[in-house]
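All chains should be modelled from the sequences, with the hints used to inform the complete structure.
Chain by chain, the residues run as shown.
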Amino acid sequence: MSTDTHTHHFAHHFESADHELEASKEGMWVFLLTEVLFFGGLFCAYAIFRSMYPEMFHEAHKYLNWKLGALNTVILITSSLTMAMAVSACQKAQRNKAIVNLILTFLLACGFLVVKSFEYAHKIHEGLLPGALFHNHEIVHPKAPLFFSIYFGTTGLHGFHVICGMIVILWLLFRTIRGDFDKGYFMPVELVGLYWHFVDLVWIFLFPLLYLVS
Amino acid sequence: MSTIAAAPGTNYLNATKGLRSWIGTLDHKRIGLMYLFTILCTFLMGGVFAIMVRLQLGGFNIMTADQYNRAFTYHGTIMVFMVVIPMIPAAIGNFALPMLIGAKDVAFPRINLASYYIFLTGATMAAYTLFAKGVDTGWTFYAPYSIRTGTSASWVLMGAFIMGFSSIFTGLNFIVTIHKLRAPGLTWNRLPLFCWALYATSVIQVLATPVLAITLLLLTFERATGIGIFDPKIGGDPVLFQHFFWFYSHPAVYIMALPAMGVISEVIPVFSRKPIFGYKAIALATFGIALVAFLVWGHHMFVSGQSEFANFVFSLLTMFVAVPTGVKVFSWVATLYKGSLRFNAPLLYAFCFLFVFTVGGMTGMFLAALATDVHLTDTYFVVAHFHYVMVGSTLMGFLAALHFYFPKMFGKMYSECSAKWGCFLIFMGFNVTFFPQFILGSQGMPRRYYAYVPEFKTLNQLSTFGSWLIAAGFIWTAIYLGRALVAGAKAPSNPWEALTVDWQTASPPITENFETTPVITSGPYEYR
Amino acid sequence: MAHGNHNGSHNDNRNQEHSHVILSDAMIWKIGACLFVLTAVTVGVAHINLGWMNFPVAMLVAIIKGSLVALFFMGLKYDKKENSVILIGSFLFLAIFIVLTSCDLLFRPANVYDKPEPFAAAGGPPKYKKPWTAQAVVAAHGKELFMQQCVSCHGEKGEGNGVASTAMTRKPRNFTSGENWLNGRKPSQVFHTLTTGVNLMPSFGSLPAEDRWSLAQYVLSLGPTPPADSVDDLKKVGVADPTRDDGGQPGAAPSIPIDLAIELLAEDGTFKKK
Numbered sequence: 001m002s003t004d005t006h007t008h009h010f011a012h013h014f015e016s017a018d019h020e021l022e023a024s025k026e027g028m029w030v031f032l033l034t035e036v037l038f039f040g041g042l043f044c045a046y047a048i049f050r051s052m053y054p055e056m057f058h059e060a061h062k063y064l065n066w067k068l069g070a071l072n073t074v075i076l077i078t079s080s081l082t083m084a085m086a087v088s089a090c091q092k093a094q095r096n097k098a099i100v101n102l103i104l105t106f107l108l109a110c111g112f113l114v115v116k117s118f119e120y121a122h123k124i125h126e127g128l129l130p131g132a133l134f135h136n137h138e139i140v141h142p143k144a145p146l147f148f149s150i151y152f153g154t155t156g157l158h159g160f161h162v163i164c165g166m167i168v169i170l171w172l173l174f175r176t177i178r179g180d181f182d183k184g185y186f187m188p189v190e191l192v193g194l195y196w197h198f199v200d201l202v203w204i205f206l207f208p209l210l211y212l213v214s
Numbered sequence: 001m002s003t004i005a006a007a008p009g010t011n012y013l014n015a016t017k018g019l020r021s022w023i024g025t026l027d028h029k030r031i032g033l034m035y036l037f038t039i040l041c042t043f044l045m046g047g048v049f050a051i052m053v054r055l056q057l058g059g060f061n062i063m064t065a066d067q068y069n070r071a072f073t074y075h076g077t078i079m080v081f082m083v084v085i086p087m088i089p090a091a092i093g094n095f096a097l098p099m100l101i102g103a104k105d106v107a108f109p110r111i112n113l114a115s116y117y118i119f120l121t122g123a124t125m126a127a128y129t130l131f132a133k134g135v136d137t138g139w140t141f142y143a144p145y146s147i148r149t150g151t152s153a154s155w156v157l158m159g160a161f162i163m164g165f166s167s168i169f170t171g172l173n174f175i176v177t178i179h180k181l182r183a184p185g186l187t188w189n190r191l192p193l194f195c196w197a198l199y200a201t202s203v204i205q206v207l208a209t210p211v212l213a214i215t216l217l218l219l220t221f222e223r224a225t226g227i228g229i230f231d232p233k234i235g236g237d238p239v240l241f242q243h244f245f246w247f248y249s250h251p252a253v254y255i256m257a258l259p260a261m262g263v264i265s266e267v268i269p270v271f272s273r274k275p276i277f278g279y280k281a282i283a284l285a286t287f288g289i290a291l292v293a294f295l296v297w298g299h300h301m302f303v304s305g306q307s308e309f310a311n312f313v314f315s316l317l318t319m320f321v322a323v324p325t326g327v328k329v330f331s332w333v334a335t336l337y338k339g340s341l342r343f344n345a346p347l348l349y350a351f352c353f354l355f356v357f358t359v360g361g362m363t364g365m366f367l368a369a370l371a372t373d374v375h376l377t378d379t380y381f382v383v384a385h386f387h388y389v390m391v392g393s394t395l396m397g398f399l400a401a402l403h404f405y406f407p408k409m410f411g412k413m414y415s416e417c418s419a420k421w422g423c424f425l426i427f428m429g430f431n432v433t434f435f436p437q438f439i440l441g442s443q444g445m446p447r448r449y450y451a452y453v454p455e456f457k458t459l460n461q462l463s464t465f466g467s468w469l470i471a472a473g474f475i476w477t478a479i480y481l482g483r484a485l486v487a488g489a490k491a492p493s494n495p496w497e498a499l500t501v502d503w504q505t506a507s508p509p510i511t512e513n514f515e516t517t518p519v520i521t522s523g524p525y526e527y528r
Numbered sequence: 001m002a003h004g005n006h007n008g009s010h011n012d013n014r015n016q017e018h019s020h021v022i023l024s025d026a027m028i029w030k031i032g033a034c035l036f037v038l039t040a041v042t043v044g045v046a047h048i049n050l051g052w053m054n055f056p057v058a059m060l061v062a063i064i065k066g067s068l069v070a071l072f073f074m075g076l077k078y079d080k081k082e083n084s085v086i087l088i089g090s091f092l093f094l095a096i097f098i099v100l101t102s103c104d105l106l107f108r109p110a111n112v113y114d115k116p117e118p119f120a121a122a123g124g125p126p127k128y129k130k131p132w133t134a135q136a137v138v139a140a141h142g143k144e145l146f147m148q149q150c151v152s153c154h155g156e157k158g159e160g161n162g163v164a165s166t167a168m169t170r171k172p173r174n175f176t177s178g179e180n181w182l183n184g185r186k187p188s189q190v191f192h193t194l195t196t197g198v199n200l201m202p203s204f205g206s207l208p209a210e211d212r213w214s215l216a217q218y219v220l221s222l223g224p225t226p227p228a229d230s231v232d233d234l235k236k237v238g239v240a241d242p243t244r245d246d247g248g249q250p251g252a253a254p255s256i257p258i259d260l261a262i263e264l265l266a267e268d269g270t271f272k273k274k
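Chains as they are written, first to last, in the working numbering: chain A, 1 to 214; chain B, 1 to 528; chain C, 1 to 274.
Each hint should be verified, as a subset may be incorrect.
[Unchecked claim] The calculated DMTMM-like cross-link candidates involving lysine to aspartate or glutamate, where the alpha carbons are at most 25 Å apart (straight line), are:
| # | chain 1 | residue 1 | chain 2 | residue 2 |
| --- | --- | --- | --- | --- |
| 1 | B | K280 | C | E82 |
| 2 | A | K183 | C | D79 |
| 3 | B | K457 | B | D378 |
| 4 | C | K30 | A | E190 |
| 5 | C | K81 | A | E15 |
| 6 | C | K77 | C | D25 |
| 7 | A | K62 | C | E263 |
| 8 | C | K80 | A | E190 |
| 9 | C | K80 | A | E35 |
I should point out that these hints are in silico values taken from the structure, not numbers from a laboratory.
These numbers were taken from a predicted model, which means no experiment stands behind them.
Structure (structure tokens):
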């Protein structure tokens, strides 16, 4: 372990910076556990309604553009890549590399949101809206609004998490430029990295579930 | 391992002065007190609604049916979300947990403070609706009425949503605290049972509350925009709402009960001067209860239109929760057996707990059995059952903990004689209020009705009289505890001669809790 | 005593020297490449028809991708076991949520999700002629229904001593006696009682009319001969023309399950915003 530990201030109730790091990581994992259950409600609704109305899901999902979905998957995986690069760069005190990768991650997240907004615009145009707002005339099945409630619910919630992640990444970027992180202290970067990979993880499941119903 | 030399007479209460030092405090003990104060206020609010409900049912006819709907909704919502859930973990746990494990603070003190303000925000949001259109759906907010009612339901839903995050962050904090901040020598086998209880409670909090969060969020969306999955008008299923809601709300009752059981596990050995019987069994049973808690929520839905198969599964699984609970009750009783009992207030409240919780638990069996539940559901039998288990556990546990930790928190002793009278009043009042409700329910009196057939009049009047007794008991408790705060005798550092490390601090403790980090060399209950 | 050495020797859980694994760039690229390939696999497999296997295969691929992210990018492979337990635990409880909820929603009676012809899902066309008159076949049908619906309160012999009656202060009607029938013992009065409920007995108005007549006939058969209905009595309970086999109400619609009614209402567009 590096000798830089002693130069860093850690909270008084911890024994060392490493102790603080391990505790904080565990705290972040517990938070991610709550996020699994938070998204879980919508996944449960998906599972139930897909089992109850399989033909409706199959028909409705055709109105989703799987190519854009796949593009978004690639974008998000790449952003996970760049995030991992940023974290390891901070751990190795490679400040410039960290900055570049954080910027890339942020831009990729922007790209994700841009693609999403195209998709949403198309849905709005076609009247493929959730619940009582649904007014598409091509889909006949009476339960179709449910599919779009789940689509907008899951991707909307996911998108909200992406936006929150982007804000936090900007804050990280600011701190990295300021020179806050080095070999002995990179806790916030690692924690944000965990969050961002989780956001990617959720999308890895959402993509086949929503876009590739066969 | 730093040695802290505090000026004599300095403790966490007077170390820094002024309102700002409290508003921005990171000290878990001060945060615990802030929670305590807030929860006592919300308890008063919820209690006022209870008195109103009982006045209506006592024959005083003080409100219309619509007003009655609001009264029981607020009583339930306030009591569940703003009182009983945070009561022991946030108010007592925050204060005691770090000291119990020999730590200086919880793992994330800033998140702890944020938790408190989040709680306050959510509570205020929900309370604001009292001055707006109110809410009349019952604390369970069942769809589709909750989607279509024109009241201020959305504010209450969002208030509860926000308070949920307070619960989640507290749970998160406690889990990491217990994992990472135990003092040297404090192995898992030496961990005090209150800590085990808080640990299991925290696990439930972090697993269950997010599901409530998504449920309330979806419901609010559906109210506002018609987007959703619960309203049959848009193809949804209202029973799905009930699944989502009860997936949280059933484990929630164990968030209420487990910490109280933890308190009892602490109090009984101290006041019987005996090691706890079945330490490992109690610890395991605590987690057993926490696990089973997640498997049984459908027993709230036996008459909702749920499938027969689900009814069967949930009824069967519900029976299992009695096993670990029984293990605990037997262990506590076995601890008392041949103990050298000291009948101080904490032990008296522990006795109240044992009686009231056992009655409540046993009546739960009637409700777990599908066939009888069909007749008893939505009657006063259910109301009596859950008051017995919730009040019996959480409230009695809280009062035991309050009387146990009062000297530690404030450095003052309360009048033991007054405390005994308070305990007696509360216990008698509670039973007079709620025991008749078992009878009323089995005879068919429905719940959430503002009137009833004449044959139920006498028992209702008796129940209302009981509610005045409880109120008197609480007012009395407030009086003598208030007097103790102002003019009580100075408390020694360990008035109860307890062995756990939290009592090896000054009363009240210094901000850092311990002058030097303690090293634990023995178990917490090794009384001779 | 709990206090020992005051100098605070370090305990394992507080100060573990943790060898921090830093992911090399090469490793990151490798995992990334795997993830891209697997994404292509996901898309490819979805376009091949594997029947019911498509869903499990898609989920398997997603799990593999997710595991790569969790193990390497999120560091679980090199981390303490506790964090893995936390992640896996969360999925376990989510699974419990989904499985037990499915025990309800996916096991509802079939007729709600199939598409029965409207109004055929219920009792169907009337099976009995003039069920308001005493007939052995009607009373036999009534007995069947009685055994399903009424025994828990009224007892197997209709004596008012069923299991649920033990908790009641006002006992259920004893059908073997002719006394104390609150609404009277004419068949039309018993029919009315069944339709509206009385005291602790709920309404059985959701049963088709002829089922209620059948029950009335059966319970009356357990006691002394009941008084007869006049034409006016019958008219009061909806038998407009007692000379007709169906009571003269061709439009009398049998009841249907509420789920179906909700579906039909939703389908016909009445509640949809246009």
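Here is how each hint holds up against the structure:
1. Simply put, K280(B) and E82(C) have alpha-carbon atoms about 21 Å apart, close enough for the 25 Å limit, and the pair holds.
2. Distance check on the hinted pair: K183(A) and D79(C) sit about 18 Å apart at the alpha-carbon level, within 25 Å; holds.
3. Restraint check for K457(B) and D378(B): satisfied, since their Cα atoms lie roughly 19 Å apart, inside the 25 Å limit.
4. The straight-line distance between the Cα atoms of K30(C) and E190(A) is roughly 20 Å, inside the 25 Å bound, and the hint therefore holds.
5. Between K81(C) and E15(A) the alpha-carbon distance is near 21 Å, which keeps this suggested pair within the 25 Å criterion.
6. Straight-line distance between C-alpha atoms of K77(C) and D25(C) comes to about 17 Å, which keeps the hinted pair within the 25 Å bound.
7. A hinted pair counts as satisfied when its Cα atoms are at most 25 Å apart, and K62(A) with E263(C) qualifies at roughly 24 Å.
8. Simply put, K80(C) and E190(A) have alpha-carbon atoms about 15 Å apart, close enough for the 25 Å limit, and the pair holds.
9. Note on K80(C) and E35(A): the hinted pairing holds, with a Cα-Cα distance of about 21 Å set against a maximum of 25 Å.
The structure shown violates none of the earlier numbered hints.
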